[in-house]
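Asks: If you're matching them up, the sequences are chains Z and L in order. Counting from 206, one number per residue, gives the positions in the first sequence under my numbering. Counting from 5, one number per residue, gives the positions in the second sequence under my numbering.
Honestly, the hints are just simulated from the structure, not real lab data. Just so it is clear, CB atoms sit at the ideal spot from N, CA and C, and this is done for glycine as well.
Among chain L residues calculated to face chain Z with C-beta under 10 Å, some are:
| # | residue |
| --- | --- |
| 1 | ARG239 |
| 2 | PHE252 |
| 3 | LEU312 |
| 4 | ASN662 |
| 5 | GLN666 |
| 6 | LEU675 |
| 7 | HIS696 |
| 8 | ALA700 |
The calculated BS3-like cross-link candidates involving lysine-lysine, where the alpha carbons are at most 30 Å apart (straight line), are:
| # | chain 1 | residue 1 | chain 2 | residue 2 |
| --- | --- | --- | --- | --- |
| 9 | L | LYS647 | L | LYS596 |
| 10 | L | LYS644 | Z | LYS358 |
| 11 | Z | LYS358 | L | LYS647 |
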Amino acid sequence: MKLTVNGQAHEVDVEANMPLLWVLRDELGLTGTKYGCGIAQCGACTVHMNGMAVRSCQLPVAAAQGKITTIEGLSGSDDAATTANLHRVQQAWIEHQVPQCGYCQSGQLMAAASLLSSNPSPSDADIDAAMAGNLCRCGTYTRIRAAIHTAAKAGA
Amino acid sequence: MGTLKKITRRTFLIASTAIAGGVAFGTYQYQKPTPNPLLADGMGDADTVSLNPYLKINQDGVTVITPKAEMGQGVHSMFAMLVAEELDLDWQTIKTEHGPASNAYFNVALMRPMAGFHDYDQSERANSVRAYTEIASKFLGMQITGGSTSAPDGFVKLRSAGASARLTLTLAAAQQWGVAATTLQTENGHVINPENGDKLSYTELAVAAADIAAPARPPLRDPAQWRYLGQSMPRPDIPAKTIGAAQFASDIRLPDMLHATVRMSPRFGAGIQSADTQTAAAMPGIDKIIQLGNEGFAVIANNTWRALQAANAIQVEWEAASYPPDNAGIMQLYEDSFNTAPNGTFEQTGDVDLAFADVNSDEIIAAEYRVPYLAHATMEPMSAVAQVTENRIDLWTGAQSPTGTRDMVAAAAGMSKDQVHIHTTLLGGGFGRRAEADFALQAYQIARQTAGRPVKVSWSREEDMRHDFYRPAAIARLKGLMDNTKPRALDAQIASPSIMLSMSKRAPMPALGPDQLIAEGTAGQPDQIEHIRIRGYAPELAIPIGFWRSVGASFNGFVHESFMDEMAAHKDLDPIAMKLATLGDLSEVGTKVVQKVKEISGWNGRNQANGVGRGFAYTLSFGAHTAQVIDVSMTDRGVKIDKIYCAVDVGTALDPRNIVAQIESGIIYGLSAAISGDLTFKDGEVVQSNFHNNTALRIHQVPPIDVAILENNPSITGVGEPGTPPAIPALANAIFALTGKRLRELPLNRHIDFV
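Put together the whole structure using the sequences plus the hints.
Replies: Okay, structure coming up:
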């Protein structure tokens, strides 16, 4: 099975129905993408396929035939409009000190980056709608909202 | 650079708060220095020097050992701040590590609640008895992150470690330069001679400093001089958490590592009746399937997903549970427990029976409250990596109680404690769940059967939600009687199983008589009420229960503050005015917290003309007085939370931004439980299995939250838990204000819709 992750081509010997999540984590060693529920309810496994946020726990690797970007590749992805190395959502996440335990944050960041690429200046309601699929048990939501606004301004 | 092992400073006296004289018996033992675990055989690397258990210095600079579980609460940052403040470390280059499991990192503050005083009692006498409990804490030697104790535990200890190291490093520089130490200064990891500009880094001085006797109780800086403490510092753990580089136990990868998962009996205490693992074992990538006692199976594979698939394919019939199979039967046991002798009477003042006998029955306010079992549902399901070789066990796991985990694994393996090496990773959420050792013990049992190969054990979400040590359900029956401005009598009976009893059956922890946790949050409140009686009843069931963020206060806050709101409504009183009257002169700290939340919320009553209902609640938990106001309104999709206000007194605010984050976190955790957190039983099994049928708050449900931090308490308090208890009744009281409906059962979404 062939796939392209963060600009790199890979060949993996796995079942066609293995979810992309487990190919990333256990076969390619890209552990930044997390397992949280396995049923697309929590968003911890969010990655980009051709720039769009997808839940990698529900995406069979055989269907992951676009350009896959994970958190490890976010800073180098096409929509990175940054002054430093990090994607502007990552910079904003640090500025607002968003993470607590951090386990859900890769997914949150990937969802936020995807939102900003389709909606450069989202309102609170836009953010809530786009981010409602990403659970955070630590309750970092108020800072996520603030950080997305900051990242939006940085990209304007 | 000298080697770690050669360094002579093998001991470091843990300074603590005011242990003035020590007690006659055991003084020597108590004052005996604690060995530095960083200098134990096999620890660390040769080029690293350790001046005390909290510091490692090598060519890369200074690493602060932060032996608390970092589960999101920012404790590594806070502990590093405490050390850096006294040691003058450069924040830009600061590094933190969990360090080894060691009794040297015992939690000094753990036994304070056992001092026998109300938390609101901040008299000199109460605080000196609390200080004496540190002796017991040292003998217990438990390295544990929980009970909102990290700030009180580390506040003096970590600053002392920094100050002590600073003194020896300064003396080492003074010797080298042949000048008086008092003429030297420290700055950003260096000792500086201001006379001539000479400068030596701590790295250069570490070896010489290690040979200088460290003072046990070095003088600490005046808080007026603090540079880091009191500021909102950028947390050192955050950059890695934004680039996917933070390592949780789930992310550990070792050479030749296997991947495993488990399938455990869904009925607690009930084993395997019959099973067929053949089909599962023949699936691709499966190494083998092993039985874990009679409790279930582990599937060992070359990929986690393959292990998960095979675990689902195991055909198994489970034995029946010893407890009633469904909720109705389980809750009947709770109801029956009211007819048994109380587990304990936790408050008794005046004579409630007499007070009620004196009045007409229509003056008596009575209500029953119910809350369900709850799972912790950390974002990272339970996980651990284990490697077992002939003389050694290594475990990589997110442990809130690393010494407890070490001891239990050592006991299971018949090995000595120093043969078990716990490598604490970051925790993908803890909330009390990772204070348990079950998943680490399991990883050890699995790794015993992999011929020395490391194995990562990852639970599915379903296993995680259905094999928790749950927040117990509870039923509370209350009776009250009002005076004109505040309650005259309060009689509370609370039925909930004893967490301490449940713990004592699986961990080296005694169940010490009456379990205060049943009533904490109803008991222990600064209620200046003439007649109070609070009794706990403890039904016994085989359903495992444990510490869930804010523990007993997680439901007692709801019980107590909803009932106070009912009592106020009965007399048409403003709930905040009644709270201030009830506090009386018991706690000025509490009074100021209530006044503060009134001020920041612009409170002028529970009902607002513009269709907003406002709820107020106040809970004293883990020493922190916390008051909240929640505003709700009705939409066509249900109740919407519009705004949350919170005032909390932490004594001394070490990192304001992080305190706000913790309080918001606690509130949101509480509101998840209030609105939708549920756990029910059918056929002896937990019904809820994943986030589709046990949901938590999502971003669109969380409004702006205003947090005001006060510092009137003479004692420093933790903030991990106190935000949770009052959030639940503040919401229920707001819904009462909005709709007139008094909701006495959680989760509230059984009775009303939410946005």
